[in-house]
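S.K.: One-letter residues, chain by chain:
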Amino acid sequence: MTDSATNGMRPDMPSLLLSNRARLRLRIAETFGNGFLLTVTSLSTLAVLFIFYFIARDALPFFRLEGFREFFTSVRWYPSAGDAEFGALAILFGSALVTLGAILVAVPLGIAAAICLSDVLPFAVRQIVKPIIEILAAIPSVAYGFFALVVLAPLLQQNGGPILGVAVWIIGLPVAALAIAVLADMMTDRLPDRTRSRVRWLIVCLSGAGAIAALTFAGKTLAGLHISSGTNALNVSIILGIMALPTVVSVSEDALQAVGRELREGSYALGATRAETLLRVVLPAAGSGILAAVILGVMRAIGETMVVWMASGNATQIPHPWYKLLEPVRTLTATIAGDMGEADQTTGSTRYHVLFAMALCLLVFSFLCNLSSEWIIRRARKKAGA
Amino acid sequence: MRLQTRKLVDRAFSGSGVFAIALMAAALLILLTPIFIRGCGAIFFTATVEHRRIMLEKFERGNRETVEAEIAAAQAAREPVYRMIAEFERRLADESGAGRVKHRKALKELKKALQVLLGPAPGDIRPMMMRDQYGQARWERAKVKLERVLYREEWDYSDPTKSGILILKPRAEDFAGTAAEGVFPYLKQNADKMLMPRRTVYWQFLTDESFDSHMFGGIWPEILGTLYLTLGAMLLAIPMGVIAAIYLTEYARETPFVTFLQTCISTLAGVPSIVFGMFGLAFFINTLKISDSKSVLAGSMTLALMILPTVIRASEEAIRSVPKTYKEAALSLGAGRWHAVRSIILPAALPGILTGIVISMGRAAGETAPIIFTAAVSVGKPLAIWQTLTQPTPALSWNIYNLATEHEAVDEVRHVQYGLVLVLVSMVLLLNLVAIIARARISKRLRV
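Respectively, the protein sequence lines represent chains A and B.
The C-terminal position of the first sequence is numbered 468 in this note's numbering, with every residue numbered one higher than the one before it.
The C-terminal position of the second sequence is numbered 461 in this note's numbering, with every residue numbered one higher than the one before it.
Quick caveat, the hints were computed from the structure, so don't treat them as lab data.
None of the values given here were measured: they were computed from a predicted structure.
Think of the CB as a built atom: it goes at the ideal place given N, C-alpha and C, for glycine as much as any other residue.
Accuracy of the hints is not assured; some may be wrong.
[To be verified] Short derived list, chain A residues pointing at chain B, Cβ under 10 Å:
# : residue
1 : Val232
2 : Ile294
3 : Met388
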């Protein structure tokens, strides 16, 4: 529609001057065109307001009927009983637990990988690694869920203990060795030269023996664990962590890259090693961006449905003790997906509305996360610009 | 700190990064390997004569004479088993007391196990369910079922502190000294003569309809459903997304309203996928009533909404990456803003936009949560194009969930599950591969 307007300005027209009528037509067409573009844009963006409205509209009847207290404080979830109870605390806790587990997996790995990508690896290797991350992000969640259910769950159930025991050694040994070396150095820094090396060896031997004893104990304990079901919070946490990894990696890599060369070069010029530069200069400068990455990772993990539905065990309970990841849990998303079929969809029973209340919780939470991550990124950008 | 320690820390730092990346690559490999290997098992496998019988009777595939000759040969090989059992049954009538009750029970179990392995015995009434009409079509399942014939499962609960222990008892013990004793060694020796396993390529797995809730047949309705849903979503999301991107990059000024729109887009991108599904149910189906209940149309619209932010962001980025000079040259030649957008900027940004579209297409194809309440059913016929407006459809992603968790015989359809996952993952990976290659070529072109 705006096309006819621009025709008037084509150079093949005999005259560049337009008659009044043509100019008017041009104006109108341009206004209409702009209006059309704006309408389409608004429609597609304001859909999010629609989502808020319709979720809230179906969620409010629940809160009006049942109030907030039971939903947020009770662990008794019996939606289908005659005397139905809608205590969602255990479900909220389940969501929080698997998200926490996923973050424990995704954040250390993600930040380490992002540092490696932005500062360590040469360009050619980076070009190979990037597609790996993209493919990890692209694999459908139901495929992850299927893997968790069919491959990982039986594996955990049969050999979970020994695997965890070995994992503790693989992760713990290098970390402990490094910590001991640094600690021994730092503690002996002030000593006179003569005794220093001897004291250092003493510290290394003592703490080394302690670390090995601790690792042996931890490994033995874990290896002896009896895992009653492979579909549990640990399984889901691992898979969700892997799913959140690409987000964490790419956003924190952007944040690390945004820290300029000058800062790094200044640090190198002062004689710092790469690790020191990264730890003392780059990471603090990129801190807010990395925080945003973590928030986005949390959002990815908490909003994920298929994996938790298939592999979390769907047991409405708070594990005992609360951090025991080997217990099955139930999350908000899985409850919605699982119960919606049974809830009476059209007549709008309480059971139907409570699921919308859960969706509203998810929606509000992800909205707040989004706002805060955006605010953090914007502030960081402003600071970098200033 | 000593220099040595500082160097050590430095190495460890780089090492942990490399470790993290290696772990990611390993995770990808561990995830994809079983999917690819066992997914191919849905198409390439060792089929028994029962598979060829199904192909002949349900699809008219294969040479009728050779297959019928094969079936006859297999029947002949099975005949001694049935003869021995008939003999046993005849003698059972003369038996009395506790031995008879025990033997009768054992016989019932044996017959049931045999039917699962070989299909109904000759002379039996034709069963209703298709899965009972045929024996095991896949040789690896047949071997499992053969074990079930040879051994009886018993659970030992004598130790109350532990979960039950599985004990396999040879069924031959139940029939020791009777006429049916010979059944078991005969089965062990002649299993392959009775079932005639042969390597088969069943590529029609991709184009066949399924029978008896996926116990037999292929996954065509699922593939078609996913295609419909994805294409429908793209049809809606592409025009809206690209127009919104054009507006936001070329027309909009930095007003508070536009900032608000940008916030809306990023919020939309962060909405959990299950919430999209609920919105689709509450809005498209319960409020707008675009269809009576679930339909491909409602599912497509929900998916379109979900991928809209991705399409907008990718298109925006592609348009922004077109050098400013292009636009300035066009404007200086007297082109209007729309004319410049249409004839200069969009063509230059097209590869980038397409890349974004291809990636979001992969996302739409793989998502499950938004279509649970809006479009997906577990079993269905392939739809014709006009039926998509009113009918729900099976879809790859939903059926993976459904077959892996809600199916009544999860172990029997394991190969179908893997086949579905393989098809879905290959679709998504293929789309992403296209995008990755396209992006590499674009960045090369822009660098020159």
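S.K.: Hint numbers the structure violates, sorted upward?
M.R.: Checked against the structure, the only hint that fails is number 2, while the rest are satisfied.
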